[in-house]
Amino acid sequence: MTDATKYLSHLELGEPDQTFLDSNELIINMGPQHPATHGVLRVILKLDGEKVLGTECVIGYLHRGVEKIAEHRTYTMFNPYVDRMDYVAAVSNGLGYCEAIEKLLNIEAPPRANYIRVILTELNRLASHMLWLGTHALDIGAMTPLFYTFRDREEILKIFEKYCGARLTTHAFRIGGCQYETYEGFERDVQNFLKFVPPKIDEYEELLTTNRIWLERTRGVGLISAKDCIALGVTGPVLRASGVKWDIRKAKPYASYSDFDFEIPTGQNGDTYDRYLVRMREMRQSLRIIEQAVGKIPEGPIMAKVPKVLKPPVGEIYHSIEAPKGELGYFVVSDGSTQPYRVRVRPPSFVNLQALDLMVRGQLVADVIAVIGTLDIVLGEVDR
Amino acid sequence: MQPVATTFFFYLLSGLAILGGALVITRRNPVHSALALIMTLLAQAGLYLMLYAPFVAGVQIILYAGGIMVLFLFVIMLVNIEKAQKQEQFNKQWLVGIAAAAALGVLFVLVYMKGKALFPERALQLPEQSNTQEIAVLLYGQYMFAFEIASLLLLVAIIGAVVMAKKRI
Amino acid sequence: MLDYIQGYLSSNLTPGQAGNVFWVTVYILIVFGGISVAVIAMNWLERKALAHFQVRLGPMRVGPHGLLQPIADAIKLLTKEDIIPSGADTFVFWIAPLIILCAAFTVYIVVPFGPTHAITDLNIGILFMLGVASLSVLGIVMAGWASNSHYPLIGALRSSAQMVSYEVAMGMAVVSAILMTSLHGLGMYGVAAKSTGTGTLSMIEIVKMQQEQQVWFLFKFFPLGLIAFAIFAIAMVAETNRAPFDLPEAESELTAGFHTEYSGLRWSLFMLGEYAAMIAVSSIAVTLWLGGWMRPFPHWLAGETWDLVFSLFPGLTFLGLAAIAFIGVARMPKHPYFKIQTAGLGGFGAVLGLIGVVLFVPLVRDRIQDIYWFAAKVAVFMYLYIWYRATWPRYRFDQLMKVGWKVLLPIAIGVLILTAILGVVL
Amino acid sequence: MVTRLKQQYGSGIREANTYLGQAYMVVEPSILNELLHVLRDQEEFDYCVDVTAVHYPQREKQFDVIWILYSFARNERVRVKTMTGDGESLPSSTPIWATANWLEREVYDMFGVKFDGHPDLKRILLPDGWKGHPLRKDYGIIQQDNEWVQINLGIESGQ
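Residue numbers (my numbering), protein chains in the order written: chain F, 1473 to 1856; chain X, -15 to 153; chain U, 75 to 500; chain P, 865 to 1023.
Simulated from the structure, these hints should not be mistaken for lab results.
Among these hints, one or two may not hold up.
[Stated by the list, open to error] Residues from chain X shown here face chain U by an in silico Cβ test under 7 Å; the list is partial:
# : residue
1 : Phe39
2 : Ile45
3 : Leu57
[Stated by the list, open to error] Here are the simulated distance ranges between beta carbons:
#  : chain 1 : residue 1 : chain 2 : residue 2 : range
4  : U       : Thr99     : X       : Lys100    : 40 to 46 Å
5  : U       : Ile487    : X       : Leu122    : 20 to 26 Å
6  : U       : Leu131    : F       : Glu1677   : 24 to 30 Å
7  : F       : Glu1771   : P       : Pro921    : 48 to 54 Å
8  : F       : Arg1536   : P       : Gly951    : 24 to 30 Å
9  : U       : Phe106    : X       : Lys100    : 45 to 51 Å
10 : F       : Thr1810   : P       : Asp950    : 24 to 30 Å
11 : U       : Phe296    : X       : Leu91     : 55 to 61 Å
12 : U       : Phe296    : X       : Ala101    : 27 to 33 Å
All values derive from a computational prediction rather than experimental measurement.
Don't be surprised by glycine CBs; every beta carbon is placed ideally from N, CA and C.
Work the whole structure out from these sequences, hints included.
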């Protein structure tokens, strides 16, 4: 029994077809070093020819014990750590954490801070979706969109860099508001970006949306029904592509999302193509939100009155936001000291990854790649 | 076209063919056997070329070396090589096999001895340039019926193979 | 000696047909060297063109605009450690890349670069080409199996299934073109060409037929020739395992398919074989449908003057390349650091210009322009290969098979039947 | 809803309250499985957001295990909390929500809380042979299973 078969032993794979010809089953170890597993995901595949009989994900290669670290840092000190989880959407992570602690402290960020937060978070959603699109298309074999999306993502990162000095792990927000005032020309930069990006998104769509090979590779691949999505706790674009019109920005608005008018794009079939379309439309909706927000950033302070030493009262809080990948939740328990007693992160990638097995069973090896791509996982967040 | 070193190439190609044939039955690893078989087939194609039958040679390369051997390798690669290697290579029938081979050899020699008159004195100089066209005329003229029957037979074989291999039709 | 060369120059036969061992050897060396250089150039061009498709610059560091990059790559590959996996079947592992390389280069024996510019002209030329090209499947299967690893094995299985399947559609398309050699019918400009009675499989004869019938087979029996050509053009991409049919080496699925375990020199042999095969199948397409070495519009723009104008193209092309190189020299930064680069590029431009000037000499001009037009047509296909790769996602395996068996093959058979009917009726 | 459930289970629900606008209830492990079923089937809490735990080493029953549930129909979240001791086990909620599979595995991995009826309870983030459960309070922040590191990685220490 090899290492790989050991992992698969528990799977109820059903009897292989023992009809006329013996079908040879093949166990393939995909990852942790594989060009299409988006990091260090290891998937063990049981194949009949090219058909997938079952999968098992082996994760934890990037486990850094973020939740343990939190218990040994003060509330403020832990803030930058959350950026390292979903490192392509660091701003969203920071927003979720700051808002959770603000709720625990019972303070509220001032409106100006909230507007800046919304703009940066939506820019980050765009960046995350662009990265997803590029890598997903590359997995399916289209090389070119990757370079186009990276070119345009660069503009977003430039805005981040100008705002807070960092491009990836931004640490843009603080508990109680924002550390930095917007820089001179921030609005102009964002507005220029708003003009710059829509034609680029059209360009991606031109390359892919009606491309026949793309359609064949994504339609009907990785089907997941709304019922299964809910049972598996899958959230974000994957859930919406299955037809559930649910978005925390609308369901339980946070920051200042209730001020803006935007739609929740949904799909009907829950296949890879629908998820692609949903994300593409989401990018346009994000632009709409940014457009509304940047036009009317209110004047005022950017930081609420926050004590020098944060000592939330004893209690616990669960706060979640709509990260680019799905519901990103923070469950924080305070024991009244300066350090959190427990911080639990509800990572969307981790939960979504669980659906992989269901989505690829009975499909082909090539579809596993497409489905991993369409789930949009970030291993930093899966393993924490 | 002037033939170049005909005798030399004849013996070279024949030697390769015989060597390949011997390797096919003596190698333990079926993949190696298959490769040796390919060598034999290619040597045969060379012999056909020397007989001024380029069309047959081309067909030999395309069909046998390129097509059928790939399918052979396909099947061989999917069987368990380790198991095959542990098995005894020659079973009890080798005596019978040698007897059959000897009988065939004797038959060949007899045919040659008795029917010497049937063989022409020297090799026929067939026109190389129109070889393909001649074959076509023969196949679709004189031997039309046999040719079509053979294709029907192959069709039946294909259907049979599909029926046997397919799990659900 | 001079007489000997002059005798060659006035010859109407290929060296193989003439049975001239010396010229055969010379031709083999020239073709082998030329194809190797073409592969190197293609490698550089692919990286550059692909980069510009993708808003990148591509290689820029080794030599001006990365011109020397292929050489640097070659040195790197030659000096890399040659790894043979411990569980591999050493002999098969060793011989697999050689088979692919041999198959890819043997094909060039019958490629007609011009009416006399072929190593030899076989009576079964096209059959020989298809047959030998199909032998490279063996190399792929052996490489995949000998690596003793799952990804190469799956890659090899995919590859062989793919190549065997697409060979069928490819063969059908080729047959319809061969059929055209024996059929009269309407030519390109509505001129009824004379019937030649019997057809031919010889590569040179096929082009000569197109010359005689005054039509590229691409336009014969419009649109039948075009459809057959399109089928061949699709199948040949699949045959050479290139995007969008590059599943055997699908990087994101099978890491690198059948050559996952190969490194260094052996890996470069695979690449050399792959690119040589690309050029080879493109030459088949050019020979069968695009009039081989014929210059464009040989009948419409006929006459002495036009002949002269078209025969100037090779020289002009090289002069143009030289001009580009000199513009590069002029735009080179004036920093002393770039001295060697500037000199190198200038020298390169000078060599190109010299070749261009030599190509204007009437004697050379007349002999060389066949090769030039053939190479130019092949180059179009090479560019298409790059274009495909930049544009399309990859097919899935079952879809690939579906396209091969359910779309291309029926159409190819239909075209074949229609061609036969039209040939008899018209 | 809370009153209805309280009527049904009486003292099984020890506490049902809201804190900072978030509803939670503390229940006995004995009624947990039944309650979760009721919450899903009758109260439409069809989406299990998270399963997690908190370690209180001083308490007799050391662990709080928390289910965070959400109802799409009501747009409401509720937290169900139960307590369990070291070495005791809880009924698994995997048959109720498929998503609990990995989440419970993570709780087991990090805290050592066992779930009865879980289809495949084994470590998820840490390697299979690892000793200790890192999110327990008595597990130091730089502590690690040195034996595992030495055997599997062939180095003295991972630090």
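(message) So, against the hints stated earlier in the document, which numbers end up violated here?
(response) Number 12 - this is the single hint that the structure violates.
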